[in-house]
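**Q** Protein sequences, first through last, are from chains E and U.
Under the numbering used here, the first sequence has 101 at position 101, and the numbering climbs by one with no breaks.
Under the numbering used here, the second sequence has 1129 at position 129, and the numbering climbs by one with no breaks.
Accuracy of the hints is not assured; some may be wrong.
To be verified - Here are some chain E residues pointing at chain U (derived, C-beta under 10 Å):
hint: 1; residue: Ser85
hint: 2; residue: Leu88
hint: 3; residue: Leu161
hint: 4; residue: Gln299
hint: 5; residue: Ile316
Read the hints as simulated data drawn from the structure, not as lab findings.
Please read these numbers as outputs of a predicted model, since none were measured by experiment.
Cβ coordinates follow ideal geometry from the N, Cα and C atoms, glycine included.
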Amino acid sequence: MIGLVARRLVTMAASLLVISALVFLVIKLPPGDFLTNRISELRSMGEAASVAKAELLIRQYGLDRPVIEQYLIWVGLMPGPAGFSGLLQGDWGWSFEYDRPVAEVVGDALWLTLVVNLAALVFVHVVAIPIALYSATHRGTFGDALVTLLGYVGLAVPGFLLALILLFYANRWFGLSIGGLYDADFAGQPWTLDKVHSLLGHLVVPTLVIGLGGTAAMIRRMRANLLDELAKPYTVTARAKGLPPTRALLKYPFRMSLNPFFADIGNLLPHLVSGSVLVSLVLSLPTVGPLLLEALKTQDQFMAGFILMFVAVLTIVGLLISDLMLAWLDPRIRMGAR
Amino acid sequence: MQETPKQETPVQDARPRHFVDTAPFDPTAGAAHGHDAAADTASAWRLIGRKFLRHRLAVASAIVLALLYATIPAVEFLAPYEQNKRHGDALYAPPQGLHLFHEGRFLGPFVYPYRAHFDIESFQRSYILDKSRPEPLRFLCRGEPYRYFGLIPGDLHLICPPEGGTLFLLGTDKLGRDLLSRIIYGARISLVIGLAGVAISFVLGLFFGGIAGYFGGLTDAAVQRLIEIVRSVPELPLWLALSAALPPNWSPLAIFFGITLILGLLDWPGLARAVRSKLLALREEDFVAAAELMGASPRHVILRHLIPNFMSHLIASATLAIPTMILGETALSFLGLGLRPPVTSWGVLLNEAQNLAAVQLYPWLLLPTVPVLVTVLAYNFLGDGLRDAADPYH
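Here chain E stands alone, though its shape is the one from the complex:
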């Protein structure tokens, strides 16, 4: 088990390194950058002092160096003008747009993103398992057909649109408030019980919207898994020897069908994170989604880079956890028979 964890950790580090290079490349792709644009703008306005400050920033972050060196300095593999100070050392860079460190700008958004995604993940599992159990055991009934149909619709409706419509009706029918993750009064306040309560109320719509597509896919796959298992002789044996139907379902076939289910988190997670970025934009949730869009539009490179890396780390760590859970669940994988 320890060997497996170590091996996975090494692969994870390597993946993250490649992803960081990819992210940096993508961010550097558009011509020009924030500071050069700003400098030419300031120059045309004749503000010499600000120009000097911007040029100082360029030197401070080594933006006058070749791209490869810039990348290495950003990651923290090469000493920059201020020594080793990159992502690896916990320095997330400077947001030029806000003129503050990225860490300060992003702040709460990081763990709110985490909360939203975790809530969606839990929602998918809590909803998908019972529905899949029902629809697999009641195959061919009206309920099964209904679930399948709803599943298809869940796959096909664009999440952002659903968000918009649900937002409107949740407010009209249930009085759930619109947009954001907590009431506006709580913005910038310290975290109190009231604020957490407000957060929970606001989480309902986003969780539903982000989770829905994933739930539909999960139900489909889980149902197929279960149907495969239910057709196997050991299930027949369990029933034939007189096990009560519920136990005959939950004790053997259900456990077997859970295996691919956990493996599926790997497919699910990137989609959930993608969905949460999109839905956050529509619902104006204070997660990293809107910050990312803005940073990309203004070429605020360290900010955009950091958020993209954060999203990637979130997914990759999620994948690691799902792999480890799978190993814990299934001795065949734990023994390294890959």
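Chain E is fixed; fit chain U onto it per the hints.
**A** What follows is chain U alone, placed relative to chain E:
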């Protein structure tokens, strides 16, 4: 897939010790041996076709998609108005109902004209239907001039608004542009972008999956890692980043190609994985070994035995990838990072409905969702049907 014929007649009692069928034995009647004689001689593609036709939902979806794609070359003819034609006196006009009967009398398809009313108090427009004056529609008529594909001038339309009247079957947007016409024009872009994006990812998937499966070893390991990495990155943030990288001074058409490329660039890992695993599995098949033993060249083996066998699977996987592309374009355009206004796609149309006012006051602006939904569902059903049919011997 074959109905298993009853091989022995169930005899309850008085069963003879040794039963011999008195009917004359015909060795060429394959059915007697438990398999379909036609199935032995039919080609794989034929079997796939036959199995596909049995999947009713998939066939219906194929027909729906065929109809949708058939509108692409005839967009200008089908749409009652040109996509950017503005009607200043009909901003945010609600859908004009299509009627057949006026005061109990059959009149053929007609609409009632609007009368716009502007409420000074609430700053809202309201439209009142004038139920006394039915205006019959005109068919196959000379209407508003257009340029077919931006080139050939013409003015023939399938449906035209009544003489001097308006025809907004699905309402109008904030500039008074007919939504139905815009949805029809948008179909051209949205439907093509899915196909073009998949074509790109198909080529990439074939290439990477092909070299991984063919060379094996180090190449395989490298491609596998690459696939894992690309798959583990959430698509949307990367799409956002790449579309933000498209220079803003590009023409709308160049942006269209750029977006297609971006959608295709990130979607290939799934296909590459399918190609690789199929190639590895097929390489070990007996018929490949047989062909090699009979002296077939690698070229012959690949072209004649491998490709036909995994192509059907690939087409099924690609079909299932198209809806992702269409939804991706819709999402990007919705966020304002995709296609830009002179180009009309379903995503661009939805971008205009991106506020609560639209949901509350002008709900018809959300109608472009319907074609998105229909297309995505149809592709999903079609893909499922193809996937089942791709393995005719199963």
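**Q** Which hint numbers does the structure go against, in order from smallest to largest?
**A** The structure conflicts with hints 1, 2, although it agrees with all the remaining ones.
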